[in-house]
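Enquirer: Sequence:
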Amino acid sequence: MDTYDVAVIGAGPAGVMAAWTAAKQGAHTVLLERETAAGRKPCAEGVLSEALDDAEVSPTREFAAHRITGAFLYPPNEKKRVRVGGDGYILDKPAFLASLAERAGAAGAEVVYGARIESYSRDDGLVHAEGRRDSQPFSLKAKVVVGCDGTGSILARQFFPRRNYPVIAAFQYDMVNCQLEDEATLEIFIGHKKAPAGYIWIFPKGKGTANVGIGLKGSGAKLLLDKFIQEHSSLFGDAKIERSQAAPVPVGGEVEDYVTGNMMLCGDAAGQVIPLTGAGIHTSMVAGKIAGEVAGKAARDGDIGANRLSEYKNRFDALWGEKISTSLRALESFET
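Count along the sequence shown from 1, then add 771; that gives the number in my numbering.
Treat the hints with care, since some could be wrong.
[Stated by the list, open to error] Calculated pairs, SDA-like style, for lysine to any residue (alpha carbon to alpha carbon, straight line, at most 25 Å):
hint : residue 1 : residue 2
1    : LYS1068   : ASP1009
2    : LYS795    : SER1081
3    : LYS993    : ASP1009
4    : LYS988    : TYR936
5    : LYS851    : GLY841
6    : LYS1068   : SER1098
7    : LYS993    : ALA1017
Hints were generated in silico from the structure; no laboratory data involved.
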């Protein structure tokens, strides 16, 4: 059975960053992804330029698909929109995550695709993980485990209560031949009847293409998105759907505890998502970056208790805690 200083579960935005920064500390690190490639989860794929700055990467044609300059926010009646400025990009998320995973590997992390963890246990101060890799049983031990494996995180289910963890259903179309007003501006429509306790988004990708999706509590996501598209024929009258995707998104803010013992949660697993917009790439990358650094140093120094690892939570909350809380209050105000 292989033993690691740090095991990172999930190669999403949080995981690829955590593996990179842990390996940079000299920690023997493994990054495990259950899918056979990065970036399979549906996502609107928009980030501000600051997200790439925090990830310490420059935009390239490889993954920065389209430049954006801001967003329009629409209230439920759509009568008065608010423009929010901000330069950023629509990403080719699979290419982006593959690039960051490759960087983690170059820093010394072992990157493994097709590895699904099914259970965890603790023994002798280490975390034991068991699962299947390429359909074959495998297991490992780690001084610190960082769970970046999304809303269905097995680590969270076993060791973290996540009492306040509402999840909405997100459904998205990749569309072509859209007639958008401004392809440099995102559009976000806040719920009520069109998306109960949720929102609809239009994220342009250039040349008439766009990610058009909905996130809402309860069922009926596809029906409501189809209705929205039909009611906005000026935008989508000639548009065609190339692909549809679905995924859960947490919108209740950060979970109460995401560090316990020598285990940590990051990203969607920890509720580190902006509730009003469902945006989670930037927050997840920052969380993973901090968590990996803290975990790598702690494992290297032989101090892997919760007191040491709580540095991660303290640092993340100082950067994003109030922003997430404010966004949650804003979402709740739209719902009333």
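Enquirer: Hints first: check each against the structure and report whether it holds.
Expert: Hints, verified against the model:
1. LYS1068 / ASP1009: Since the Cα atoms of LYS1068 and ASP1009 sit roughly 55 Å apart, the hinted pair is violated (cutoff 25 Å).
2. LYS795 / SER1081: Cα-Cα ~20 Å, so holds.
3. LYS993 / ASP1009: 19 Å, holds
4. LYS988 / TYR936: 12 Å, holds
5. LYS851 / GLY841: Measuring from Cα to Cα gives roughly 16 Å; hence the hint holds.
6. LYS1068 / SER1098: 32 Å, violated
7. LYS993 / ALA1017: 9 Å, holds
Of the numbered hints stated above, those contradicted by the structure are hints 1 and 6, listed in ascending order.
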